[in-house]
Amino acid sequence: MRACLRLLLAYSLTGLALPAHAGSFEGVVTAVVDGDSLWVRPAAGGAPREIRLRGIDAPEICQPHGKSARDALAAHVLHRRVAVASRARDSYRRVLAQVSVEGRDAGAWMVAQGHAWSHRFQRDRGPYAAQETRARHARLGLWAGGAAMDPREFRKRHGSCR
Numbered sequence: 001m002r003a004c005l006r007l008l009l010a011y012s013l014t015g016l017a018l019p020a021h022a023g024s025f026e027g028v029v030t031a032v033v034d035g036d037s038l039w040v041r042p043a044a045g046g047a048p049r050e051i052r053l054r055g056i057d058a059p060e061i062c063q064p065h066g067k068s069a070r071d072a073l074a075a076h077v078l079h080r081r082v083a084v085a086s087r088a089r090d091s092y093r094r095v096l097a098q099v100s101v102e103g104r105d106a107g108a109w110m111v112a113q114g115h116a117w118s119h120r121f122q123r124d125r126g127p128y129a130a131q132e133t134r135a136r137h138a139r140l141g142l143w144a145g146g147a148a149m150d151p152r153e154f155r156k157r158h159g160s161c162r
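Each residue of the sequence shown is one higher than the one before, starting from 1 at the first, in the working numbering.
Mixed in with the good hints there might be a few duds.
Cβ pair distances, simulated, as ranges [stated by the list, open to error]: (1) LEU140 - TYR92: 24 to 30 Å; (2) VAL28 - GLU153: 30 to 36 Å; (3) THR133 - ALA43: 31 to 37 Å.
If you're looking for bench data, these hints aren't it; they were derived computationally from the structure. Yeah, the Cβ is synthetic: ideal placement off N, Cα and C, and Gly gets one too.
Put together the whole structure using the sequences plus the hints.
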């Protein structure tokens, strides 16, 4: 509790606003970092915001299929108008959001095309488990080779590419 109060005091003394999530907005994708991270410039103006696609985990950029996952997401969303719906931030302070292109969920598309995993938590297979199962059976994308390593396991063994 005391640490939280110190943090609040530090923010108030430096004049910084407390970080807040982005809420819902529309904008244009200006850059794609990897298979689950991108930058969106709000249509209402302002600086681009870093977005992490909620519900998926794509290969790290330095692991097999990482660059092709990034390229697939870029081909799908780069320079296009998107809708962003957010409720939180991740541990890297990126906005966690569902991003939609022409009303279709980009995260669901990435998993369905075999470029990402449905994000798991404990026994929950994640929001795109059905899309992942279909992509695995069809041997799409990262499932074509049969030896795909979950990004979480890759980070445990090798660390982040950042």
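Results of checking the hints against the structure:
1. LEU140 - TYR92: 24 to 30 Å: Given a distance of about 28 Å, which is inside 24 to 30 Å, the answer is holds.
2. VAL28 - GLU153: 30 to 36 Å: 34 Å, holds
3. THR133 - ALA43: 31 to 37 Å: 36 Å, holds
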